Amino acid sequence: MVTDKNLSVSLCGLTMKNPVVPASGTFGFGLELADAMDLDVLGGISLKGTTREARFGNPTPRIAECTAGMINSVGLQNPGIGVLVADKAPALRRIYGGVIIANISGYSVEEYAYNCAQADACPAIDLLEVNVSCPNVHGGGMAFGTDAQSAAAVTKAVKAVTHKPVFIKLSPNVTDIVSIARACEDAGADGITLVNTFLGMRIDIRKRKPVIANKMGGFSGPAVFPVALRMVWQVAHACAIPVMGCGGVRRAEDVVEMMMAGATAVQVGAENLRNPQACPEIVAALPALMDELGIDSLQDIIGIV
Amino acid sequence: MQKRLFNIEGNDPVARDTFRLVLRTDGPVAVRSGQFVDIAVPGFYLRRPISVSDCLPDGVVLYYKVVGEGTRAMAAMQPGACLELLSPLGSGFHPEKCRESALLIGGGLGAAPLYLLARELLAQGKAATAVLGFNKADEICLAEELRALGIPVHIATMDGSVGTKGFVTDAIAGVRPAFDRFYTCGPLPMMKAVCAALDAPGEVSLEERMGCGAGFCYGCSVQTQGGPRRVCADGPVFDKEEVLW
Numbered sequence: 000m001v002t003d004k005n006l007s008v009s010l011c012g013l014t015m016k017n018p019v020v021p022a023s024g025t026f027g028f029g030l031e032l033a034d035a036m037d038l039d040v041l042g043g044i045s046l047k048g049t050t051r052e053a054r055f056g057n058p059t060p061r062i063a064e065c066t067a068g069m070i071n072s073v074g075l076q077n078p079g080i081g082v083l084v085a086d087k088a089p090a091l092r093r094i095y096g097g098v099i100i101a102n103i104s105g106y107s108v109e110e111y112a113y114n115c116a117q118a119d120a121c122p123a124i125d126l127l128e129v130n131v132s133c134p135n136v137h138g139g140g141m142a143f144g145t146d147a148q149s150a151a152a153v154t155k156a157v158k159a160v161t162h163k164p165v166f167i168k169l170s171p172n173v174t175d176i177v178s179i180a181r182a183c184e185d186a187g188a189d190g191i192t193l194v195n196t197f198l199g200m201r202i203d204i205r206k207r208k209p210v211i212a213n214k215m216g217g218f219s220g221p222a223v224f225p226v227a228l229r230m231v232w233q234v235a236h237a238c239a240i241p242v243m244g245c246g247g248v249r250r251a252e253d254v255v256e257m258m259m260a261g262a263t264a265v266q267v268g269a270e271n272l273r274n275p276q277a278c279p280e281i282v283a284a285l286p287a288l289m290d291e292l293g294i295d296s297l298q299d300i301i302g303i304v
Numbered sequence: 000m001q002k003r004l005f006n007i008e009g010n011d012p013v014a015r016d017t018f019r020l021v022l023r024t025d026g027p028v029a030v031r032s033g034q035f036v037d038i039a040v041p042g043f044y045l046r047r048p049i050s051v052s053d054c055l056p057d058g059v060v061l062y063y064k065v066v067g068e069g070t071r072a073m074a075a076m077q078p079g080a081c082l083e084l085l086s087p088l089g090s091g092f093h094p095e096k097c098r099e100s101a102l103l104i105g106g107g108l109g110a111a112p113l114y115l116l117a118r119e120l121l122a123q124g125k126a127a128t129a130v131l132g133f134n135k136a137d138e139i140c141l142a143e144e145l146r147a148l149g150i151p152v153h154i155a156t157m158d159g160s161v162g163t164k165g166f167v168t169d170a171i172a173g174v175r176p177a178f179d180r181f182y183t184c185g186p187l188p189m190m191k192a193v194c195a196a197l198d199a200p201g202e203v204s205l206e207e208r209m210g211c212g213a214g215f216c217y218g219c220s221v222q223t224q225g226g227p228r229r230v231c232a233d234g235p236v237f238d239k240e241e242v243l244w
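Chains as they are written, first to last, in numbering that gives the first Met the number 0: chain A, 0 to 304; chain B, 0 to 244.
It is worth saying that the hints were derived from the structure and are not from the lab. All of these numbers come straight from a predicted model, not from anything done at the bench. Yeah, the Cβ is synthetic: ideal placement off N, Cα and C, and Gly gets one too.
Over 10 Å on every C-beta distance to chain B, these chain A residues come out as not near it, computed from the model:
1) LEU13
2) ASP39
3) GLY81
4) SER149
5) SER178
With a straight-line Cα cutoff of 20 Å, these simulated EDC-like cross-link-like pairs (lysine to aspartate or glutamate) come out:
6) A/LYS155 - A/GLU110
7) A/LYS208 - B/GLU68
8) B/LYS191 - B/GLU207
9) A/LYS155 - A/GLU109
10) B/LYS2 - A/GLU31
11) A/LYS208 - B/GLU207
12) B/LYS125 - B/GLU99
13) A/LYS214 - B/GLU207
14) B/LYS64 - A/ASP203
15) A/LYS206 - B/GLU207
16) B/LYS2 - A/ASP34
Quick look at which bits of chain B chain A covers, simulated, 3 or more residues with Cβ under 8 Å:
17) 39 to 49
18) 197 to 210
19) 213 to 219
Isolated chain A, as found in the complex:
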């Protein structure tokens, strides 16, 4: 077993014991998996996306299988920001020593700011990840993250209410992701998480109707890895702030590839759903892979390509 490798990375002043982070929505609040693994092997945990009010989410079916991936349309089921800061995050803090990331959603700039202010006051939370893929109910329903000005407005509003590092999690369903990432950086974002899921759809050809009750959903899984990697590479080279790479990561090789493209930390999403042990297995596989590739410290390979 290779033991002399340095897996730790530094992210906005936070030291992570490794760059591996289960992505928001694919790991609950961490608590659900506490009996299935030693959570402390994980560099960070991005919690389930949270809104101001509790939400049930979308009708079922919410899941559709695809070749090399899946579509989800959970629709931000969550117990509300109050439960996150009073119950879920403190409960996770009691059993987990790594970086706890609150994933914040909202349907207006004001809601984002309110939720982030609540999360800011919660000592259990280390970092805020703001999901701008939600529809802007005051802006015609278009997602905040598909427009540079809207994404910047959310960034500015949440930065005004928190001293914790703020990452903006971008949607890939845009024409030019670099311009949106730059707008967030200019508005004060401390980092960028990318990418969220790709809008997708499946049809049951026997029933002649969509598989997903909500018709469309977010596509993720290994099929999106090259597209996500390309976007991580573009944004990491266009912005000075750190990037958390996300999209189709399923093994240690993908983590190294994302880091070479410019990611400081790497999120694992859909893979957790097919293998709940995916993250610990990836962490365990990294030292031998680093040895094979001649890497002593993961920090050294960030953005080398």
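Fit chain B to the supplied structure of chain A, relying on the hints for placement.
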């Protein structure tokens, strides 16, 4: 929940489009009735959740129906092949809540988990009667296995080819079994009709398309009397009063 490798001991057709899959592993297996396993089928992205019909000292017996590409691939799996399972998953039935005698009501493959439940009830010294509904005679499965446990089994078929013609509720009305608690698994309309027809306390096993199968993706949530519940982790078994039909 554990991730374990199992070997296929048998994978045989037992009724139309219906297969019995026997899996063994290299250590003790403990599954309660109503719980399920999540099978990684080679070549498919998501696992297949299948309820456990019987728990062996070192294995499980499952029944599945070929309904799509994944189950078609499962039907082609050969004895000796290795499968990775997450097990056990979900809450189970509560045989301990039955006082003296139970009524087990299955629709189609919903009969599968009732077999292990019947064994648990008998082990607790309780009596059980089973009423199973199928569309046609060629779909009937598990009736002989349940009879072999020594419990009465009544069949209802939609075409009347075997037993009572009609629904399980018709068969129950004809048989008038004595019971203080019922347990049901099958199509939602059947379970709704059963719960409406029977006054006794009852438990229903729900089905929903799942993502993770283990309670952390929230892909299979349903609204219940007590708020949102995950079918995979809070269920699949719920008290009949919890279900919002």
